[in-house]
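Chains A and B, in that order, are what the protein sequence lines are.
Going by numbering that gives the first Met the number 0, the first residue of the first sequence is number 0, and it counts up by one from there.
Going by numbering that gives the first Met the number 0, the first residue of the second sequence is number 0, and it counts up by one from there.
Think of the hints as simulated: they come from the structure by calculation, not from any bench.
Just so you know, not all the hints are guaranteed correct.
Claimed, not checked - Each computed DSS-like pair below joins lysine-lysine, with the alpha-carbon atoms no more than 25 Å apart:
{"id": "1", "chain 1": "B", "residue 1": "LYS82", "chain 2": "A", "residue 2": "LYS352"}
{"id": "2", "chain 1": "B", "residue 1": "LYS81", "chain 2": "A", "residue 2": "LYS343"}
{"id": "3", "chain 1": "A", "residue 1": "LYS466", "chain 2": "B", "residue 2": "LYS371"}
What the hints assert, rightly or not - A few chain B residues facing chain A, derived, Cβ under 8 Å:
{"id": "4", "residue": "PRO43"}
{"id": "5", "residue": "TYR69"}
{"id": "6", "residue": "VAL74"}
{"id": "7", "residue": "HIS76"}
{"id": "8", "residue": "SER91"}
{"id": "9", "residue": "SER96"}
{"id": "10", "residue": "ILE100"}
{"id": "11", "residue": "HIS105"}
{"id": "12", "residue": "ILE132"}
{"id": "13", "residue": "ALA153"}
{"id": "14", "residue": "GLU279"}
{"id": "15", "residue": "THR282"}
Note that the Cβ used here is the ideal one computed from N, Cα and C, for glycine as well.
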Amino acid sequence: MTKIIRDESTTSAYWAAVNTLGALPDVHIIADAPIGCYNLAGVAVIDYTDAIPYLRNFTPTDLTEQAISSSGTTSITKETIEKLRGTGKTLIVMSTAESEMVGADHTQMLAAQYPDIKFFPSNSLIEDEWQGRDRVLAWCFDNYDDRKPPSIPAGTVSIIGPTYGCFNSPSDLHEIKRLIQGVGGKVKRVFPMESKLADISDLKHSDVIVVMYEEFGTSLAKKLGRPILYAPFGLYDTEQFIRDLGKLLGKTEQAEAFIKEEKQTTLKLIWDLWRGPQSEWFPTVNFAACASHTYAKGLKKFLEGELGMTCVFAENSATADNNEIRRRLQSNPPQLMFGRIVDKIYLSEVGAKTYFIQSGYPGPFVRRALGTPYMGFSGAVYLVQEIVNILYDTLFQFLPSHKATNELAESDAPIAWTAEAKSLLAERTKHAPFISQISFSRDLKKKAERHARNQGLSTVTAEVISKLS
Amino acid sequence: MNTTSPTDALNRERDFSNLFNILSEQSKDDKTEEVNLHPQTMCPAFGGLRVITRIDGAQVCMATDKGCMYGLTFVTHFYAAKKSIVSPELMSQQLSSGTMITDIRHTLEEIAKDKSIRLIPVVSLCVAETAGIAEELLPKKVGNAEVVLVRIPAYLIKSHPEAKDIAIEALLKRFAQTPTSERKKSVAIIGEIFPLDAMMIGQVLERIGVESVITLPSQQLDDYKDAGSVECAVVLHPFYERVEEFFRARGVKVVGSNPVGVNATYKWIKDIGDALGLDETITEQVAQEEKTKIKAVIDAKKMKGTVIVAGYEGNEFPLVRLLLEAGVNVPYASTSIAHTELGEGDHKLLTMLGTELRYRKTLEEDRRAVLKYKPDLVVGTTSLDSYVKELGIPAVYYTNIISSRPIYFAQGASVMLDLIQSLVQKRDAFEKMKRFFEG
Numbered sequence: 000m001t002k003i004i005r006d007e008s009t010t011s012a013y014w015a016a017v018n019t020l021g022a023l024p025d026v027h028i029i030a031d032a033p034i035g036c037y038n039l040a041g042v043a044v045i046d047y048t049d050a051i052p053y054l055r056n057f058t059p060t061d062l063t064e065q066a067i068s069s070s071g072t073t074s075i076t077k078e079t080i081e082k083l084r085g086t087g088k089t090l091i092v093m094s095t096a097e098s099e100m101v102g103a104d105h106t107q108m109l110a111a112q113y114p115d116i117k118f119f120p121s122n123s124l125i126e127d128e129w130q131g132r133d134r135v136l137a138w139c140f141d142n143y144d145d146r147k148p149p150s151i152p153a154g155t156v157s158i159i160g161p162t163y164g165c166f167n168s169p170s171d172l173h174e175i176k177r178l179i180q181g182v183g184g185k186v187k188r189v190f191p192m193e194s195k196l197a198d199i200s201d202l203k204h205s206d207v208i209v210v211m212y213e214e215f216g217t218s219l220a221k222k223l224g225r226p227i228l229y230a231p232f233g234l235y236d237t238e239q240f241i242r243d244l245g246k247l248l249g250k251t252e253q254a255e256a257f258i259k260e261e262k263q264t265t266l267k268l269i270w271d272l273w274r275g276p277q278s279e280w281f282p283t284v285n286f287a288a289c290a291s292h293t294y295a296k297g298l299k300k301f302l303e304g305e306l307g308m309t310c311v312f313a314e315n316s317a318t319a320d321n322n323e324i325r326r327r328l329q330s331n332p333p334q335l336m337f338g339r340i341v342d343k344i345y346l347s348e349v350g351a352k353t354y355f356i357q358s359g360y361p362g363p364f365v366r367r368a369l370g371t372p373y374m375g376f377s378g379a380v381y382l383v384q385e386i387v388n389i390l391y392d393t394l395f396q397f398l399p400s401h402k403a404t405n406e407l408a409e410s411d412a413p414i415a416w417t418a419e420a421k422s423l424l425a426e427r428t429k430h431a432p433f434i435s436q437i438s439f440s441r442d443l444k445k446k447a448e449r450h451a452r453n454q455g456l457s458t459v460t461a462e463v464i465s466k467l468s
Numbered sequence: 000m001n002t003t004s005p006t007d008a009l010n011r012e013r014d015f016s017n018l019f020n021i022l023s024e025q026s027k028d029d030k031t032e033e034v035n036l037h038p039q040t041m042c043p044a045f046g047g048l049r050v051i052t053r054i055d056g057a058q059v060c061m062a063t064d065k066g067c068m069y070g071l072t073f074v075t076h077f078y079a080a081k082k083s084i085v086s087p088e089l090m091s092q093q094l095s096s097g098t099m100i101t102d103i104r105h106t107l108e109e110i111a112k113d114k115s116i117r118l119i120p121v122v123s124l125c126v127a128e129t130a131g132i133a134e135e136l137l138p139k140k141v142g143n144a145e146v147v148l149v150r151i152p153a154y155l156i157k158s159h160p161e162a163k164d165i166a167i168e169a170l171l172k173r174f175a176q177t178p179t180s181e182r183k184k185s186v187a188i189i190g191e192i193f194p195l196d197a198m199m200i201g202q203v204l205e206r207i208g209v210e211s212v213i214t215l216p217s218q219q220l221d222d223y224k225d226a227g228s229v230e231c232a233v234v235l236h237p238f239y240e241r242v243e244e245f246f247r248a249r250g251v252k253v254v255g256s257n258p259v260g261v262n263a264t265y266k267w268i269k270d271i272g273d274a275l276g277l278d279e280t281i282t283e284q285v286a287q288e289e290k291t292k293i294k295a296v297i298d299a300k301k302m303k304g305t306v307i308v309a310g311y312e313g314n315e316f317p318l319v320r321l322l323l324e325a326g327v328n329v330p331y332a333s334t335s336i337a338h339t340e341l342g343e344g345d346h347k348l349l350t351m352l353g354t355e356l357r358y359r360k361t362l363e364e365d366r367r368a369v370l371k372y373k374p375d376l377v378v379g380t381t382s383l384d385s386y387v388k389e390l391g392i393p394a395v396y397y398t399n400i401i402s403s404r405p406i407y408f409a410q411g412a413s414v415m416l417d418l419i420q421s422l423v424q425k426r427d428a429f430e431k432m433k434r435f436f437e438g
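Next up, chain A with everything else stripped away, as it sits in the complex (with noise of 0.2 Å):
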């Protein structure tokens, strides 16, 4: 059975080795690459996902017919090596799907020869990007940890957080920090992002280690023998992570004074708004999400099982077919679409009028600023506020305007309609959003005279409707 793919959005354990070794400063990434994966992975696509110029500390081995059909790979890999020596940074050398379809592994030429580099086989024929960072992670471990015995100033909390690629990992990175430091516990340290791998010995001399995301990191945690939280989303996840890391902190009283006070100020306008017309829109909206585990997962459990929306979806990328959600999008567009640039380019090709709020990667989008989280309270606030906005401004989308339009100039003779027409207006009124459908439904009936009367016809029939986009 062919398993036919739609738009791959989910990349593969080589593009997880480099977006996760290429975030420590002290190491320099060989790949066992052609020019292509080198270009994709360390200039191109890091540039528009994580707004990194190119990636620095990467160099490809720049396969060539030569060395794919004869040769092999291991002149040009110890060529490379060669002119990289010197700089003072750890080398690792990593194969790619194409290197690993001629066979090539380093690992013993690399002991034989330079026992200082290490081989990462990618698996990338095998492995999707998820998989690969949390594989790589344990790796950088086994490898790189100096085996000293753990010491534990009390109150420590390392995150095993973010590589580049993680989509708004600096904002939830943030906010994760902010609660831990909320709890009374010192941040010790992060890795990948902002360590070196040198650091990678300290996360072992914490107390407390806090996972980012489900889908990666948890080999790493478990090596380190540590308690281990996952980041949270919503409410009340939030507040139970805030507990819990109190109590293995042994900082419960700050972690209840904390959560108080977070009621009080963060969070304040979510009791505002809830309290307000606003909240009680969300029972009437619905919505639809396809992005990472942690993410897809988190926007259900808060929006509709703490806010009250509805649901029509919410897909892991890594698992989801985007045949499937393509269809699902197309026969019935969600008012809000929190997805990724193949579900906007979907919703576009049969012109939907779906909110589409960018959560996940492929897709060329920005978010290192900090002020956009969607984990933890400031998370669940600055989602609330974004919804708000967004139905403000469908709102002001149905509003009449003096925009200039021939309506005015039309006879007003009568048009009659046939019952199957008025049902199909009414059947179609009923997926317009909830806060507009009055509108919606009088826009459509003066759109459907008007084609009406153009094609010289004095009743609105089904086939009328049928025409109307």
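Place chain B on chain A using the hints.
Frame of chain A, contents of chain B only:
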């Protein structure tokens, strides 16, 4: 409180500058060999995808692995077309069980269920090419769709412009009409150009008596069909060697170069007139007029300063020609493509005028040129530009800033020279920003 952000970490590290200093030292010392590490091109396959995904009624079927498909789909959706790309899964499992061809065939049938699809380019990339795709095992047609195999593995093609050449050649070989139906005074223009430039070319050629003009790459499959019957192919960019060969082999006259700068524009118009046997007096008159107009623009916009042009689109050297005519010092220019016969005219001219040229350049070569020539402006790649901006020198991405503007004839010269002039004048802003982030 820990306030370290990823940006801070990078700025503090300055690892890239250190690396470059080491490289620079290394090449200064004993080693005569230059240390060159980072070839400058997009993934070559992207060039082919840019041509074929834009064709109306085309649905690309990619044959490649997960990581490759992710990256190429990403840049295609950003820089080529808002269209789906479809692929049979091609990972270890399929490679080891040998189902690739069957899987591609199934995918083609699935795509062809959509009757509006007229063309399915099967784009074969590194992994699929290494596994081996036999063209005869693919159908020529499925449903309403023609199936065309386009082989563009990155390890074989060294730059994305050259993959455009391969893609257009594949389409022409399949669709171009037989030369017996040749239409007199018809021209195919080869090369991606700004829409206004295409309009200007059309107007000028009409004035000299050309009766029809097709431009390739085109969004219309019919243009590839009609291109088979043209009398003359005008190849604007030097990397279209296969397309040139395609036309020559069919006895079609080929004119190279492009209407940039005073003398080149005059010669270009005359060459097309000669190739088509058009009225000499009229052609001469139009060529003189265009030449005079460009000269007036260039004379009015003479400027000083040193500019380095180092993009990777393969069509950089005409810009160098224009800048030199306007009095700009261009000591160094580089590109991603090879030195070709079609580019020989520019090569000779620019070399004679003292510009050091590099083909198949690496980032390190471009950086050395920047250090050596200390330009007032660099028109480069994103990687080079970020280095240049760290030095406080204005830099722009050739692909975004130059390719999105007209450059042909007097109008193009005017737009381009104004742009360069304004960028050179931005130096203060670049220096100030650099100082701010150093402090």
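Status of the hints after comparison with the structure:
1. Restraint check for B/LYS82 and A/LYS352: satisfied, since their Cα atoms lie roughly 19 Å apart, inside the 25 Å limit.
2. Distance restraint check for B/LYS81 and A/LYS343: the Cα-Cα separation of roughly 9 Å lies within the 25 Å cut-off, and the hinted pair is therefore satisfied.
3. Of the pairs offered as hints, the one joining A/LYS466 and B/LYS371 is violated, with about 66 Å between alpha carbons and a cut-off of 25 Å exceeded.
4. Taking 8 Å as the C-beta cut-off, the interface hint given for B/PRO43 holds, the closest approach to chain A being about 6 Å.
5. Given hint, B/TYR69 at the interface with chain A, holds; its Cβ is 4 Å from that chain's nearest Cβ, closer than 8 Å.
6. Because the beta carbon of B/VAL74 sits about 5 Å from the nearest beta carbon in chain A, less than 8 Å, this interface hint is met.
7. With its C-beta approaching chain A no nearer than about 5 Å, B/HIS76 sits inside the 8 Å limit, and its interface hint holds.
8. About 4 Å separates the beta-carbon of B/SER91 from the nearest beta-carbon of chain A, less than 8 Å, and the hint is met.
9. Taken as an interface hint, B/SER96 does not check out: its beta carbon lies about 12 Å from the nearest beta carbon of chain A, beyond 8 Å.
10. Checking B/ILE100 against chain A by beta carbon gives a least distance of about 11 Å; that is not within 8 Å, so the hint is violated.
11. A hinted interface residue such as B/HIS105 counts as satisfied when its beta carbon comes closer than 8 Å to some beta carbon of chain A; here the least separation is about 4 Å, so the hint holds.
12. Interface restraint check for B/ILE132: the shortest CB-CB distance to chain A comes to about 13 Å, outside 8 Å, so the restraint is violated.
13. Hint on B/ALA153 holds. Least Cβ distance to chain A is approximately 3 Å, under the 8 Å limit.
14. Taken as an interface hint, B/GLU279 does not check out: its beta carbon lies about 47 Å from the nearest beta carbon of chain A, beyond 8 Å.
15. The criterion of a C-beta within 8 Å of any C-beta in chain A is not met by B/THR282, whose closest approach is roughly 43 Å, and the hint is violated.
When held up to the earlier numbered hints, the structure conflicts with 3, 9, 10, 12, 14, 15 and fits the remainder.
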